[in-house]
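All chains should be modelled from the sequences, with the hints used to inform the complete structure.
Per the UniProt record's numbering, the sequence shown starts with residue 1, numbered consecutively.
These aren't lab readings, by the way, just hints derived from the structure by calculation. Just so it is clear, CB atoms sit at the ideal spot from N, CA and C, and this is done for glycine as well. Every clue listed holds true.
DEER-style ranges, computed between Cβ atoms:
hint, residue 1, residue 2, range
1, E68, R92, 24 to 30 Å
2, V48, Y82, 32 to 38 Å
3, Y82, Y108, 28 to 34 Å
4, P122, R52, 33 to 39 Å
5, T84, S45, 32 to 38 Å
6, P20, Y93, 36 to 42 Å
7, R88, R52, 36 to 42 Å
8, R88, V48, 45 to 51 Å
9, T118, A77, 21 to 27 Å
10, T84, E18, 45 to 51 Å
11, S27, L61, 23 to 29 Å
Keeping only pairs whose Cα atoms sit at most 16 Å apart, straight-line, the calculated EDC-like set for lysine to aspartate or glutamate is:
hint, residue 1, residue 2
12, K96, E114
13, K96, E115
14, K37, E115
15, K96, D81
16, K96, E29
17, K37, D81
18, K96, D30
19, K96, D60
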Amino acid sequence: MPDESGLPQTGTEEAELEIPPPTVTMSCEDEYPLSNKVFCSGSASNGVPPYRYQWQRAHDLNSSPAPENNTWRDGTASIQDYCTQGLRTGGRYYRKYFRFRVLDANNYVSNYVEEVFTCWTPNP
1 MPDESGLPQT GTEEAELEIP PPTVTMSCED EYPLSNKVFC SGSASNGVPP YRYQWQRAHD
61 LNSSPAPENN TWRDGTASIQ DYCTQGLRTG GRYYRKYFRF RVLDANNYVS NYVEEVFTCW
121 TPNP
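Structure below.
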């Protein structure tokens, strides 16, 4: 049967696939007061697996924590880092940002998600 152009259909036309972009979720937990460790794990959905997991750790100690100012580093679906918490004397408090995103098999970039922890350093 001819299509709108008047040409016959051959049955080999390509259909467009609607693949939603990758999306991520993340959860973080700290072990305070047992230790100064923060553990984060992320997961991805949609897009085309396999995923390339990427993390960004940033802080606001004399620098901008904005995502565009920090490097995304390849990794696994989880990450661990240190963050001294609790009430301290001297030193100073700062915010540490944990961010997660993925790239799918087509190199589409997901949204990013972040969690922020208030940490302490003895250095003023």
